[in-house]
Amino acid sequence: MSPSSIIINNWWEIQVLAEQSLEEQIFWRLQNFGCQGMVTHKKDGQIRVNSYLPMEKGTVLDLAALALWLKQDAIACNYEAPMTQWTVINDEDWSSSWKQHWSPQEIGDMLVIYPAWIDPPTDSDRKILRLDPGSAFGTGAHATTQLCLEALEMRLWGAKPEDNIVVADVGCGSGILSIGALLIGASQTYAIDNDILAIKATNHNRQLNDIPEEKIWVQEGSIQDLIANMPAPANGFTCNILADIIVDMVPYFDKLVGENGWGILSGILIEQVPKVADALDAHKWVVATFWKRQEWACLTIRRSEY
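Okay, so the sequence shown: first residue is 41 according to this note's numbering, each after it adds one.
The hints are simulated quantities; they were obtained by calculation from the structure and are not laboratory data. Be careful, since some hints might not be right.
Below 27 Å or equal to it, Euclidean Cα-Cα: the simulated DSS-like pairs (lysine-lysine) are [as the list claims (entries may be wrong)]:
1. K255 / K167
2. K332 / K111
3. K295 / K200
4. K332 / K315
5. K200 / K255
6. K111 / K82
7. K295 / K255
Given only the sequences and the hints, what does the whole structure look like? Please build it.
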């Protein structure tokens, strides 16, 4: 089945009302639950998060369990329990929700992300990354995506075409990190995701940004599939997923990049950093730099010299 044949007719729209201090915990919980898009609204110390889940991926009982977990998370942090509610919407309603609540956003010093339905300016001094997330995670609004793009900017600053820098994107989602890497200075990216909807979104966004098909190799599969399909190890890689999944992938990192290769890891809550660092150390990787935003961490890593 080709990605273009995947159609989702109905979605759960999950709305969470909570104190702003719970924002990152809510994001983590919804992402871990399998939600494939999030929109936030903040006012007077409160936050409303609208998130979306294909209807076939969850039942009413599953959503009730999610509401309970969100309540337990809040109580454990000494906050009032959030209010969680849900409704069924169709694909057209889902798409219009993004268009109502998502606006252009500058990232780092080089990029600005423009929703596909807004005409970008012709006189911007930034690289314009046009994006339509479809049903895939990755709009640039979440702290982890921003941290990864900023880390890519620092890594690729000043790169020239003749440098032929290759970046691997593990868990590509909407393709935002692959496209961002190419706009900043990479020459080639290889992307993988275990969700075929992410493959569809990545190809769609590649076309939106007028990037030739051969510049982003993308396929549904695992990190092992990615390694098997790359003609040579990459210069660096990004991995913006969940900490536990990153830990499981660490043994494969040495085959993903060359001897002087580097990696950018996020999707990691600050309290999960020691667990990830221990796994890296066990496989002769070290944390070169550490950034945080709200409750999230981003690590750049390199091979240990010992």
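How the hints compare with the structure:
For the proposed pair K255 and K167, the alpha carbon gap of about 17 Å is at most 27 Å, so the pair holds. Of the pairs offered as hints, the one joining K332 and K111 holds, with about 25 Å between alpha carbons and a cut-off of 27 Å not exceeded. In summary, the hint linking K295 to K200 is supported, as the alpha carbons are separated by about 25 Å, within the 27 Å threshold. Between K332 and K315, the direct Cα distance comes to roughly 16 Å. Compliance with the 27 Å bound is thereby established for this hinted pair.
Using a Cα cut-off of 27 Å, the hinted pair K200 and K255 holds, with the two alpha carbons roughly 15 Å apart. For the hint linking K111 to K82, the alpha-carbon distance of about 19 Å falls within 27 Å, and the restraint holds. A C-alpha spacing of about 21 Å is found between K295 and K255, which places the hinted pair at or below 27 Å, so the restraint holds.
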